[in-house]
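In case it helps, this note's numbering puts the sequence shown at residues 43 to 229.
Treat the hints as calculated values from the structure; they're not laboratory data.
Please read these numbers as outputs of a predicted model, since none were measured by experiment.
Please note: incorrect hints may appear among the correct ones.
[Claimed, not checked] Have a look at the derived ranges for each label pair, beta carbon to beta carbon:
| id | residue 1 | residue 2 | range |
| --- | --- | --- | --- |
| 1 | P63 | R221 | 41 to 49 angstroms |
| 2 | G106 | D71 | 18 to 26 angstroms |
| 3 | K218 | L99 | 14 to 22 angstroms |
| 4 | E49 | R139 | 28 to 36 angstroms |
| 5 | G225 | P63 | 20 to 28 angstroms |
Every residue gets a Cβ at the ideal spot worked out from N, C-alpha and C, and that includes glycine.
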Amino acid sequence: MTIETAELDDAELIRRSEGDPEQFAALFDRYARQIHRYAARRIGTQAADDIVAETFLTAFRRRGTYDRSVPMARPWLYGIATTLVARHRRQEERMLRAFARTGVDPLPEAEADAVLDRVAALDRERELAGALAALSRGDRDVLLLVAWEDFSYEEVAQALGIPLGTVRSRLHRARKKARATLGEEEL
43 MTIETAELDD AELIRRSEGD PEQFAALFDR YARQIHRYAA RRIGTQAADD
93 IVAETFLTAF RRRGTYDRSV PMARPWLYGI ATTLVARHRR QEERMLRAFA
143 RTGVDPLPEA EADAVLDRVA ALDRERELAG ALAALSRGDR DVLLLVAWED
193 FSYEEVAQAL GIPLGTVRSR LHRARKKARA TLGEEEL
């Protein structure tokens, strides 16, 4: 990414990419790693590679319809990725149920300290994976965008194309169900 493209907001990069498709690569550089991490946690590392590729291909093809009054394309890209993940929903649910049974996390950690921390929390993560698998698709999408990707309610609404009130109600419902499953007052 050049200094010039690093200073441009996403909407301007998308606008410029219509005349110079190479400009779109800066968006990939900005968000591919984040979207890959999100998809990998949802459906596994191998499928995440495909989701990232499909997300940016879809975004590139649809760049002419992007609302340029929105300077940050992150929610738009996550919306595309979440839709693509929905196609892999059955695989995600099977993976979460397997994790709940076995404790084998689908996203491997490279650092030894992280591995030790994860072993200590393994039983809790199994319960959490089971709680996630039990949520409805919409509730799980909202909860994971907020919890894993630190999205604001507004970003979730934009990413999923749903009203802000729906985001709030789905998040409340997801937290309530997860608390009940985990036997906790606060999650």
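Against the structure, the hints:
1. P63 - R221: 41 to 49 angstroms: holds, 47 angstroms
2. G106 - D71: 18 to 26 angstroms: holds, 21 angstroms
3. K218 - L99: 14 to 22 angstroms: violated, 37 angstroms
4. E49 - R139: 28 to 36 angstroms: About 46 angstroms separates the Cβ atoms of E49 and R139, which means 28 to 36 angstroms is violated.
5. G225 - P63: 20 to 28 angstroms: Check failed, 52 angstroms falls outside 20 to 28 angstroms.
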